[in-house]
Amino acid sequence: MAKDMTLLWGSGSPPCWRIMIALEEKNLQGYNQKQLYFEKGEHKSKEVMEINPRGQLPAFKCGDKIINESCGVCFFLESKYKSQGTKLIPDCDAEQALMFQRVFEVNTFGDKMGNVIYYNWKVPEGERHDSAIKRNKEALTAEVKLWEGYLQKTSGGFLAGKNFSLADVIVFPAIAYLYRFGLSEERYPKLTEYYKNLMNRPSIKATWPPTWKETPGQDILKDI
Amino acid sequence: MAKDMTLWWGSGSPPCWRVLIALEEKNLQGYNQKLLSFEKGEHKSKEVMDVNPRGQLPAFKFGDIVINESYGACFFLESKFKSQGTKLIPDCAGSDNNCALIALIMQRVFEGNTLHQKMADVFMYNRRVPENERHESAFKRLKETLTTELQMWEGHLKKTPGGFLAGENFSMADVIVFPSVALLLRMGLSEDKYPKLAEYYKKLQGRPSVKATWPPTWKETPGQELLKDI
Chain V
1 MAKDMTLLWG SGSPPCWRIM IALEEKNLQG YNQKQLYFEK GEHKSKEVME INPRGQLPAF
61 KCGDKIINES CGVCFFLESK YKSQGTKLIP DCDAEQALMF QRVFEVNTFG DKMGNVIYYN
121 WKVPEGERHD SAIKRNKEAL TAEVKLWEGY LQKTSGGFLA GKNFSLADVI VFPAIAYLYR
181 FGLSEERYPK LTEYYKNLMN RPSIKATWPP TWKETPGQDI LKDI
Chain U
1 MAKDMTLWWG SGSPPCWRVL IALEEKNLQG YNQKLLSFEK GEHKSKEVMD VNPRGQLPAF
61 KFGDIVINES YGACFFLESK FKSQGTKLIP DCAGSDNNCA LIALIMQRVF EGNTLHQKMA
121 DVFMYNRRVP ENERHESAFK RLKETLTTEL QMWEGHLKKT PGGFLAGENF SMADVIVFPS
181 VALLLRMGLS EDKYPKLAEY YKKLQGRPSV KATWPPTWKE TPGQELLKDI
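Protein chains in written order, with full-length UniProt numbering: chain V, 1 to 224; chain U, 1 to 230.
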């Protein structure tokens with residue numbers, strides 16, 4: 001049950017947020033949780049390393065079962081709690097297949113976003129190149145346009161069609177991250193419409209990153 | 001069923017190989033398939049772009065359904081053909097043991113992504129990074145990162161008895177991760193430095209689904225030595 005679960009998380013981190021949304025959707029409120037701060041290096045603390053030797057968040061325990069991969073936790077929760085809360089894996093073949101396609105595209109989306117937002121953090125000063133920064137921005141632009149296109153082509157308001165699914169649990173936090181870092185709302189109307197709709201969903205409101213309520217975002221992505 | 005499926009694939013590519021293994025394990029032999037060559041740029045051909053606008057392999061169609069993410073195709077096949085072939089993900093409901101098993105399978109399946117990324121960062125370095133942006137320091141760091149990652153997997157295999165990534169039974173974790181392990185060895189990973197990985201590789205080499213889908217180009221040419229110092 002929820003009280004046998006523990007989640008160590010950081011505010012705004014899409015992988016952490018995915019799990020929090022999934023827990024809400026599966027009516028598993030009441031889980032133990034601890035908010036940690038990347039800036040303070042708490043993801044490398046002993047408490048985290050004991051659950052996740054990779055020193056990364058999220059770190060998740062359910063009884064003695066440990067899963068530190070956000071998508072892994074989401075699939076696990078849907079499997080174990082299939083009969084409660086929101087059905088996150090559609091029954092219909094076409095919708096289910098599209099859900100799987102979008103879920104697993106999140107990796108490339110997240111990578112391209114990280115390559116722009118965290119360029120200076122990832123690349124030591126002596127190895128940075130303007131040509132690389134430019135290329136990374138172009139790659140992210142192409143990726144965001146692809147997702148805008150997906151939402152144009154998929155009617156129903158959610159990523160896999162007319163029902164909220166694991167695709168939304170897993171991808172929405174990454175999309176929200178784009179806006180937090182300054183993505184232009186006007187340039188990507190379908191993405192913006194999606195973002196604003198989902199913002200109001202109870203599971204998402206309940207888990208909105210606390211630090212995002214306290215401080216303004218950045219505008220690194222305003223030219224994307 | 002299988003005859004309504006088409007897979008476009010490249011020899012030796014772990015993402016492609018995952019889907020090939022999954023199809024065998026689920027008894028879906030008889031699917032349509034087309035072997036393409038990355039070296040000739042065929043992954044960017046119109047035929048592939050029509051199915052996968054990203055111009056990547058694998059590209060997979062099943063009737064009107066298109067899934068171009070290897071994990072997505074594997075999960076979909078397991079879901080739709082749950083009751084045939086090998087069970088790649090157990091059912092959770094009612095069994096605590098199965099729940100623990102699912103948790104471990106999911107952990108390894110998704111860590112498989114990290115493993116593959118760190119491998120690709122090394123062997124694709126020159127292809128991805130333009131010459132004027134390459135740095136010895138960067139390449140060295142990528143190799144060190146891969147070494148740490150491989151030591152972690154060596155540790156995973158030491159701690160999990162049974163011979164497969166999630167214990168005693170072949171599972172989705174092996175479908176996803178074995179092709180990457182095989183590629184590591186193909187690229188010269190030292191069997192002496194990584195005895196558990198080598199043992200795992202040799203064990204899975206004998207599995208029918210793996211034998212049936214062994215990369216054809218690997219039978220024709222010798223491997224490389226790129227990773228011998230990892």
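Errors might be hidden in some of the hints.
Derived pair list, reagent style PhoX-like, types lysine-lysine, alpha-carbon separation capped at 20 Å [said to hold, decoys possible]:
1. U:140 / V:80
2. V:122 / U:193
3. V:205 / V:222
4. U:159 / V:61
5. V:112 / V:82
6. U:82 / V:82
7. V:122 / U:140
Not close to chain U: a few residues of chain V, all C-beta gaps over 12 Å, as computed [claimed, not checked]:
8. 40
9. 54
10. 65
11. 85
12. 102
13. 111
14. 162
15. 211
Hints were generated in silico from the structure; no laboratory data involved.
From a predicted model like this one, the values you see are computed outputs, not experimental measurements.
Ideal placement from N, C-alpha and C gives every residue a C-beta, glycine not left out.
Hint by hint, here is what the structure shows:
1. U:140 / V:80: Violated, because 42 Å separates the two Cα atoms, which is more than 20 Å.
2. V:122 / U:193: violated, 29 Å
3. V:205 / V:222: With Cα atoms ~25 Å apart, residue 205 of chain V and residue 222 of chain V exceed 20 Å; violated.
4. U:159 / V:61: Since the Cα atoms of residue 159 of chain U and residue 61 of chain V sit roughly 18 Å apart, the hinted pair holds (cutoff 20 Å).
5. V:112 / V:82: At roughly 32 Å apart (the allowed maximum being 20 Å), residue 82 of chain V and residue 112 of chain V break the hint.
6. U:82 / V:82: holds, 16 Å
7. V:122 / U:140: holds, 15 Å
8. 40: It holds; residue 40 of chain V is separated from chain U by about 23 Å at its closest Cβ, greater than 12 Å.
9. 54: violated, 8 Å
10. 65: violated, 4 Å
11. 85: holds, 15 Å
12. 102: violated, 8 Å
13. 111: violated, 8 Å
14. 162: holds, 17 Å
15. 211: holds, 26 Å
Violated hints, in rising order: 1, 2, 3, 5, 9, 10, 12, 13; the structure is consistent with all others.
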